[in-house]
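1 is the number of the first residue of the sequence shown in full-length UniProt numbering; add one for each residue after it.
FYI, nobody ran anything at the bench for these hints, they're computed from the structure. Keep in mind the model is a prediction, meaning the values are calculated, not measured. All C-beta atoms in this analysis are idealised placements derived from N, C-alpha and C, irrespective of residue type, glycine included. Be aware that a few hints might be false.
[Unchecked claim] EDC-like mimics (lysine to aspartate or glutamate), calculated; alpha carbons at most 20 Å apart, straight line: (1) 170 to 104; (2) 168 to 44; (3) 73 to 20; (4) 203 to 193; (5) 73 to 28; (6) 168 to 110; (7) 168 to 95; (8) 73 to 137; (9) 170 to 137; (10) 73 to 17; (11) 203 to 233; (12) 170 to 97; (13) 203 to 192; (14) 170 to 146; (15) 168 to 200; (16) 168 to 261; (17) 168 to 154; (18) 203 to 163; (19) 168 to 104; (20) 170 to 58; (21) 73 to 110; (22) 170 to 103; (23) 218 to 261; (24) 73 to 63; (25) 170 to 201; (26) 168 to 201; (27) 170 to 233; (28) 170 to 258.
[Unchecked claim] Label pairs and their computed distance ranges (CB to CB): (29) 103 to 154: 38 to 48 Å; (30) 47 to 104: 18 to 28 Å; (31) 147 to 58: 28 to 38 Å; (32) 192 to 18: 13 to 23 Å; (33) 249 to 222: 16 to 26 Å; (34) 162 to 13: 37 to 47 Å; (35) 67 to 170: 21 to 31 Å; (36) 93 to 51: 21 to 31 Å.
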Amino acid sequence: MRDGHIHTPFCPHGSQDPLEAYVERAIELGYTDISFTEHAPLPERFIDPTPNQDCSMELGQLERYLHAVTEVKARYRNDIAIRVGLEVDFIPGFEEETTRLLDEVGPLLDDSILSVHFLAHEGQYVCLDYSEDMFADIVRLFGSVERVHRAYYETVRQSIRTELGRYKPKRIGHMTLVRKFQRRFPCSEPMDEWIVAILDDIKQFGYELDYNGAGAAKPLCLEPYPPGGVIAEARRRGIPIVYGSDAHRAADLHQGRDRMDREALSVDNRPQPS
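Build out the structure end to end from the sequences listed, making use of the hints.
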């Protein structure tokens, strides 16, 4: 029982639930291994495009965060394995800054995730998953839902293939996050070729896949990131899969997991083409 994607009170857009609340809840649910993966500080010259500029913790908080998780890891060492981690943003154009951060903090981490939240378009950046209204603005900016999806998957592929140093995260976060608002903004164009290409890249580079339960709890998504069919394809390729609740409060732990397990099992058991 592992949860490889948990946030903390150091997240400015999350809750103030203490680390201990997450740990106690995880133990209650039967987890034996968890990773705290707070949003890593964004590059200093990157301007957070969200209204409250609260996508990540500040650089000045990083040392306190690492110390706090290391302390709770030691305190609960006889009860549960706790990994000190970060969720690192891949932002096109900021590869050097990201590499420098990873070089500095990497030796202190047990785990990490590489995620895409921001897309670049004609010299400006947008946050993909902030709100449905902001997603509507992004669709207008790119010209169609389909172009947003293609830009997202292209950026995910770029994140996998870009050299970010020896401490580059080996797990790719919520690879279908672009579907977060799909019930309001359906994509009419199949993205299967992009999905397969991303899975092939993950396999080629020896990375893991974040099986993220947060999407199943989002009313305009109602499926994990990625859905069960993609997970079945990943399993057929032998890609390691790590469940992540993407919890931003203690009550979010385990979100979507039971449904995801049933869905993945159902897909895995379908007859395969001869």
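Each hint, compared with the structure:
no. : hint                   : in the structure
1   : 170 to 104             : 17 Å, holds
2   : 168 to 44              : 19 Å, holds
3   : 73 to 20               : 10 Å, holds
4   : 203 to 193             : 15 Å, holds
5   : 73 to 28               : 17 Å, holds
6   : 168 to 110             : 12 Å, holds
7   : 168 to 95              : 11 Å, holds
8   : 73 to 137              : 42 Å, violated
9   : 170 to 137             : 32 Å, violated
10  : 73 to 17               : 17 Å, holds
11  : 203 to 233             : 11 Å, holds
12  : 170 to 97              : 18 Å, holds
13  : 203 to 192             : 16 Å, holds
14  : 170 to 146             : 28 Å, violated
15  : 168 to 200             : 18 Å, holds
16  : 168 to 261             : 29 Å, violated
17  : 168 to 154             : 19 Å, holds
18  : 203 to 163             : 16 Å, holds
19  : 168 to 104             : 12 Å, holds
20  : 170 to 58              : 23 Å, violated
21  : 73 to 110              : 11 Å, holds
22  : 170 to 103             : 14 Å, holds
23  : 218 to 261             : 18 Å, holds
24  : 73 to 63               : 15 Å, holds
25  : 170 to 201             : 12 Å, holds
26  : 168 to 201             : 15 Å, holds
27  : 170 to 233             : 19 Å, holds
28  : 170 to 258             : 25 Å, violated
29  : 103 to 154: 38 to 48 Å : 26 Å, violated
30  : 47 to 104: 18 to 28 Å  : 22 Å, holds
31  : 147 to 58: 28 to 38 Å  : 33 Å, holds
32  : 192 to 18: 13 to 23 Å  : 43 Å, violated
33  : 249 to 222: 16 to 26 Å : 20 Å, holds
34  : 162 to 13: 37 to 47 Å  : 26 Å, violated
35  : 67 to 170: 21 to 31 Å  : 24 Å, holds
36  : 93 to 51: 21 to 31 Å   : 22 Å, holds
Against the hints set out earlier in the document, violations occur for numbers 8, 9, 14, 16, 20, 28, 29, 32 and 34.
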